[in-house]
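Residue numbers (numbering that gives the first Met the number 0), protein chains in the order written: chain C, 0 to 632; chain P, 0 to 99; chain R, 0 to 164; chain L, 0 to 529.
Hints may be right or wrong, so weigh each one.
Unchecked claim - On the chain C side, residues computed to face chain P include the following (Cβ under 10 angstroms):
(1) Y412
(2) R490
(3) A616
(4) L617
To be clear, the hints were calculated from the coordinates, so they are not data collected in a lab.
Ideal Cβ positions, reconstructed from N, Cα and C, are used throughout, including at glycine.
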Amino acid sequence: MIDIFWLIPLVPALSTLILAVFGEKLPKKYISFQACGAVFISFLISLYSFLGLLKVSPEEYPIVKNLFTWIHSGNFQANLSFQFDPLTAVMALVVTAVGFLIHVYSIGYMAEDRSYSRFFTLMNLFTFSMLVLVMASNLVLMFVGWEGVGFCSYMLIGFWFEKHSAANAGKKAFIVNRIGDAGFLIGMLFILVYVGSTEFSNINNAVAGGSLSHGLVTLIAILLFVGATGKSAQIPLYVWLPDAMEGPTPVSALIHAATMVTAGVYMVARMNIFYTTSETAGSVVAIIGAVTAVYAGTMALTQNDIKRVLAYSTISQIGYMFIGCGVGAYAAGIFHLYTHAFFKSLLFLAAGSVMHALSGELDMRKMGGLKKYLPYTYPTFLIGAIAIAGVPFLSGFFSKDAILTSAFAQGQYFVWILGILGAVLTAFYMFRLIFLTFHGKERIEPEVKKHIHESPPVMTVPLAVLAFFSVIAGYIGLPVVLGKNVNWFDRFLAPIMHKGHEAHLTIGTEWLLILISVIVALTGIFIAYFFYLKKPSVPHTLVRRFPFLYRLLYNKYYIDEAYDYLFVRPTLKGSEFVYDKFDINIIDGAVNGAASGTGFFGKVLSFLQTGFIKDYALVFLLGAVILLGLLIF
Amino acid sequence: MIPIYYFLILSAVLFVMGTVGFLIKKDLITQFMCVEVMLNAANVAFIAFARSASSLNGQIIVFFIITVAAAEAAVGLAIILLVYRQKKSIKTEDSSLMKG
Amino acid sequence: MAVFLFILLSLTCIGSILGMILSKNQAHSALYLILAFVCTGGLFGLMSAPFIAAVQIIIYAGAIMVLFIFVIMMIDIRKGLSPERKKWILYPSLGIGLVLIIELIFILSNTLVPSKAGTIESFGSPKTLGKVLFTKYLYPFEITSVLIIAALVGAIVLVKKKEEK
Amino acid sequence: MNIPLLSIVTFLPAAGALLFIFINRKQENLIRYTALFISIINFILSLFLYFNFNGQTAEPQFVEKARWIGYGIHYHIGIDGISLFLVLLTTFLMPIVILSSWNSVKDKVKEYHIFMLLLGTGIIGVFVSLNLFLFYVFWEAMLIPMYFLIGIWGGKRKIYATLKFVIFTMFGSLLMLVAIFVLYSIFYKTAGTYSLNIFDYYQLVLNPNIQIWLFLAFGLAFAIKVPMFPFHTWLPDAHVEAPTAGSVILAGVLLKMGAYGFLRFALPLFPDAAKKFIPYLAVLSLIGIIYGALMALIQKDMKSLVAYSSVSHMGLIMLAVFALNMESLEGAVYQMLNHGLSTGALFLCVGILYERAHTRLIKDYGGVSRQMPVFAALFLICMLSSVGLPGLNGFVGEILCLFGIFQSSKLLAILGVSTIILAAAYLLWMYQRVMQGPLENKKILNFKDLSLREIGFLVPIVLLMFFMGIFPKPFLRKMDASIEHLLKQVHRAETYVVDKEAYIKPSLKISEIDINQNTKENRTETEDNE
């Protein structure tokens with residue numbers, strides 16, 4: 000019953016094709032029906048295959064379906080083949096389930112847009128690419144999905160391309176992603192040459208068999224991770240994600256929160272043998288993840304744009320996932336990916352609902368007290384915030400705790416401390432967001448206030464479903480302290496994850512860690528409550544006290560500007576200089592110089608050409624006579 | 000029988016006279032006549048060789064030369080007329096458009 | 000007898016060409032040239048080429064020179080008589096001519112002329128010539144006719160006055 | 000098969016051009032339809048070449064031989080797995096460019112199409128010639144129509160551009176001519192017969208010292224054509240001034256002649272010299288990749304931007320050629336086709352914009368997408384194909400090239416990967432400035448979306464891009480044997496034993512038939528002379 004899993008990506012592909020060709024002529028209702036329906040069918044097939052997978056014994060993982068040989072030349076072979084194993088199952092389910100809900104939500108959100116069919120074409124294309132990414136059985140095909148989602152992200156960020164900022168953001172996203180992709184590609188080339196195949200099973204065997212030197216494994220792992228930092232917006236390539244919020248909100252929810260940005264995590268988990276084999280690479284991943292988690296959290300503190308706060312929060316949460324992967328707890332990382340997909344898309348969609356209510360307003364300073372206007376959005380938003388903040392009994396708590404516990408267990412105390420710090424920040428900025436938006440004084444502009452309204456059911460129902468999952472999704476991966484076999488998720492993924500050295504904590508330590516997590520989350524919430532509801536003057540005082548720090552955070556550490564001055568401008572200016580001085584003056588100058596030199600020489604000689612026939616005849620005869628003389632004497 | 004060399008020497012003399020004439024005359028028509036003389040000199044040589052080699056090829060060639068000369072004269076004279084119309088002169092000195 | 004005839008004809012020929020070159024009047028030059036061509040025609044006759052001799056006199060002395068005379072008539076001769084600006088060209092020309100003739104004679108004196116004994120009686124007669132012309136040289140012959148047509152058309156097109164617009 | 004299919008494919012366009020003598024120049028549409036019809040027929044005929052081509056063997060196929068001038072100069076054509084696709088590319092692009100200039104060429108329509116068709120014959124001739132003399136004739140003959148196409152229907156500085164193009168190319172090819180003479184005489188000295196057949200020359204084992212000079216002469220001619228850095232400056236000028244169709248042919252096929260020349264002549268004929276020079280050439284190619292991309296980044300004119308992107312792409316192709324392994328060469332040939340399609344398509348897109356606004360400057364545009372959604376989508380696909388997005392053709396070629404290069408030199412490959420970043424940067428930036436953003440130029444409001452004709456020539460390209468991106472197999476399998484054979488030829492270098500007395504090893508075997516044939520011809524020729 001699992002044999003049909005390869006149809007999962009093909010259904011959205013077919014739908015994309017139809018929409019791309021006929022989209023403009025189809026009625027909106029049909030478009031929405033087809034686009035959502037395709038993703039829903041994919042979801043059903045995924046679910047069906049997943050159930051089938053449960054019956055397959057772990058020895059048979061992964062189940063591979065080879066459609067045809069795609070590229071074959073000499074030693075290079077890439078197949079168009081899909082595989083299905085627990086990791087793929089989780090990803091495919093997340094992508095199709097969340098994707099379906101967001102598609103449904105978009106019907107309401109994009110209802111008035113004039114490029115309705117383009118939107119759904121791209122959304123379906125994205126779903127297809129993402130499914131290819133997670134279902135590919137080799138690196139090359141995975142790269143196809145990898146680039147494909149990047150392209151869709153480019154198109155969807157720049158969906159409203161008349162805005163300069165949107166077009167710019169799309170381009171920036173694509174180019175920054177490409178920098179990462181270059182690293183990924185180089186890593187892939189190394190694997191191709193040294194392993195001779197890009198099938199994941201062959202790569203795993205080769206690395207496990209020790210046919211690659213340790214240094215090489217580290218190198219490849221780090222190169223692949225460069226690709227992950229690009230796609231998953233980690234230091235130093237995270238700069239595109241905040242700008243990516245220029246896209247429609249469902250896009251931000253689907254691509255820039257739930258699925259695409261977590262592709263890097265998926266990739267690291269998929270290639271886990273590299274990071275298990277090379278401790279250095281693992282540590283690099285964990286440290287980058289941890290630093291990003293805190294760093295992005297600090298930037299979220301001062302942002303006033305509701306979507307940008309969520310964007311930084313996404314960067315930070317992905318940092319957690321990388322911590323999990325870096326310390327060898329791949330299942331925990333993927334677990335966080337899975338829970339995060341629900342609550343973060345929930346938060347984005349709820350934010351979208353807020354925007355929808357406020358005629359597109361994004362600035363939190365112009366909100367406040369929305370609680371009473373948005374009776375469905377508010378509770379769902381709150382659930383999402385509680386989940387992400389790490390309050391016990393909601394999904395985010397279990398997954399974040401699993402990661403931090405693993406980090407601690409592996410002795411990565413530095414990473415653990417950063418993780419805890421990040422957790423405080425997360426709780427703080429999320430509740431700052433809640434309080435500024437839904438509580439406190441109303442600061443809504445009167446013009447906007449007139450049109451304020453709750454979103455239609457087609458938008459709120461997906462919110463409710465996501466909120467439901469945000470609450471319960473965590474219960475498939477309960478902490479070990481609650482029982483030996485309660486972490487079903489860990490066991491499910493275990494067959495394909497290569498364990499490094501196992502480290503066990505005592506029950507007491509684990510409880511202690513959980514306690515710390517809880518305290519930290521509640522502290523963050525309390526500080527936010529204190530700052531923004533109890534004493535709204537405190538933040539202002541702080542700003543006045545530390546103007547430099549505030550400006551640094553507010554301007555995102557000036558990293559965009561730094562990149563601009565360090566990389567973009569020198570490249571452009573340098574190229575312009577080379578073009579003017581070298582290309583035009585020297586190379587072309589040499590060419591034209593040769594031409595004008597010839598011309599000058601010709602002009603000098605042309606005085607011989609008097610134009611009189613007799614002169615020519617005389618010279619001609621002279622020549623003939625001399626030649627004749629030479630011949631006979 | 001006249002020795003063949005007589006003819007050849009005559010041919011040479013005619014040729015040189017044509018050449019020198021071409022150089023020292025100043026109007027296009029006479030120069031053109033000198034060219035005809037040079038052609039004729041060649042004809043004499045051909046006929047002489049044809050005779051001594053007992054081959055008709057030489058005569059045939061002369062025949063063709065005369066035909067070509069006729070064609071050439073027609074076109075050449077037409078060009079001279081054109082030059083005259085343009086410049087109101089047939090002196091070669093007056094035409095030097097090809098000056099570099 | 001034949002030698003005498005040769006000397007007579009060649010001297011007349013050379014003399015008339017000298018006359019042609021030295022005469023200041025183009026019409027006179029043309030007449031001198033006709034005389035020279037007639038003489039060459041006679042010489043051809045001496046070299047057992049009666050047909051070519053006839054062609055020479057008919058086409059050269061007849062047709063071509065008539066063309067020349069027509070053109071001369073159409074041109075204002077006095078214009079052609081203004082003094083030459085570049086007088087110096089005379090001397091190098093004569094010098095080159097001198098050298099050239101010396102060279103040519105030198106070459107001739109070193110040339111071994113082929114001679115085949117036993118000439119046929121009818122050598123050079125119109126009949127034999129005609130046979131060769133229409134068998135071995137048929138294609139060149141036909142092509143010459145095209146050439147002459149082309150020259151004819153060309154000459155007309157060139158000289159035809161363009162209609163004023 | 001007795002039908003001389005290859006000759007027909009080669010000379011049909013020229014024969015069609017001859018047909019135009021009988022068409023009144025005022026019947027412009029008839030001329031256009033005739034030209035289109037001829038080129039489409041030619042494309043269909045060339046498809047027969049593809050389907051009847053046997054990919055299992057490296058031997059040239061569809062060989063036709065006829066005596067021409069003698070002394071080794073013969074009419075000898077045939078195709079192998081490399082030239083097959085270049086011929087197909089040419090015949091595929093011909094109807095498209097004729098269709099593309101339907102409205103843009105308004106004066107001297109008859110001459111325009113005559114030159115276009117003659118150009119087609121010239122280009123195909125270059126790819127099918129197996130006789131060096133014939134090759135040289137086509138190589139030069141193809142310049143003439145191109146010269147007129149740019150010089151008559153070009154832009155403002157067309158005379159400058161066309162002269163630069165022709166003189167640049169001539170300069171290189173004259174040196175090549177000298178080298179051909181040298182080869183000719185060497186072959187005569189060693190084998191005792193005249194030949195210009197390249198298969199005879201493949202058998203020659205040349206002294207490495209002579210090889211160096213010959214390789215340089217051939218290499219320069221091809222390097223200029225490619226063009227490799229630093230011989231590239233004719234390209235932007237020619238592209239900017241050429242009419243759209245000229246640019247498409249120039250970028251699509253003409254540049255490939257340089258790379259093809261390296262594959263067919265410079266590398267297999269002079270393997271020792273090639274070995275010696277490849278490191279330098281590879282570095283030049285790499286410089287070309289990065290330099291072309293950086294220059295493209297700052298161009299203000301769309302056409303010169305695409306032209307510099309050609310320099311960059313061709314750099315990658317040349318780098319792959321010089322990597323000399325199976326994957327890189329297949330990648331290079333494949334990438335040649337891709338580049339022909341994608342860059343050709345980009346020029347077509349620029350041409351479509353130019354027809355509407357009569358400017359090529361990027362700053363005069365903005366927000367075109369809103370007015371022309373269909374065009375925006377097609378333009379985007381062409382651009383992405385050039386960027387090398389997986390799923391489209393560019394990716395397949397790029398990954399094969401990079402993999403091949405990586406096997407030969409890791410450093411070069413890693414630096415070469417920068418192309419995927421830079422290509423995205425300059426093309427997306429151009430797309431953003433032209434197609435996206437607010438609509439500022441009021442003229443754009445009058446833009447009409449693509450006409451049926453314009454869709455008609457862009458869509459086949461786009462479909463082919465997808466096809467080549469998803470099913471590269473039908474292409475790669477046909478070239479396997481030929482490329483394997485080529486590699487064998489290039490790698491025979493080590494077998495040379497230095498022998499100052501003879502250029503040739505005693506074991507040299509030149510196909511017996513050819514010798515007999517040549518001597519027989521010589522004899523008859525001398526008889527004729529008597």
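A quick look at each hint next to the structure:
no. : hint : result
1   : Y412 : violated (90 angstroms)
2   : R490 : violated (95 angstroms)
3   : A616 : holds (6 angstroms)
4   : L617 : holds (6 angstroms)
Going down the numbered hints, you'll see the structure goes against 1, 2, while the others check out.
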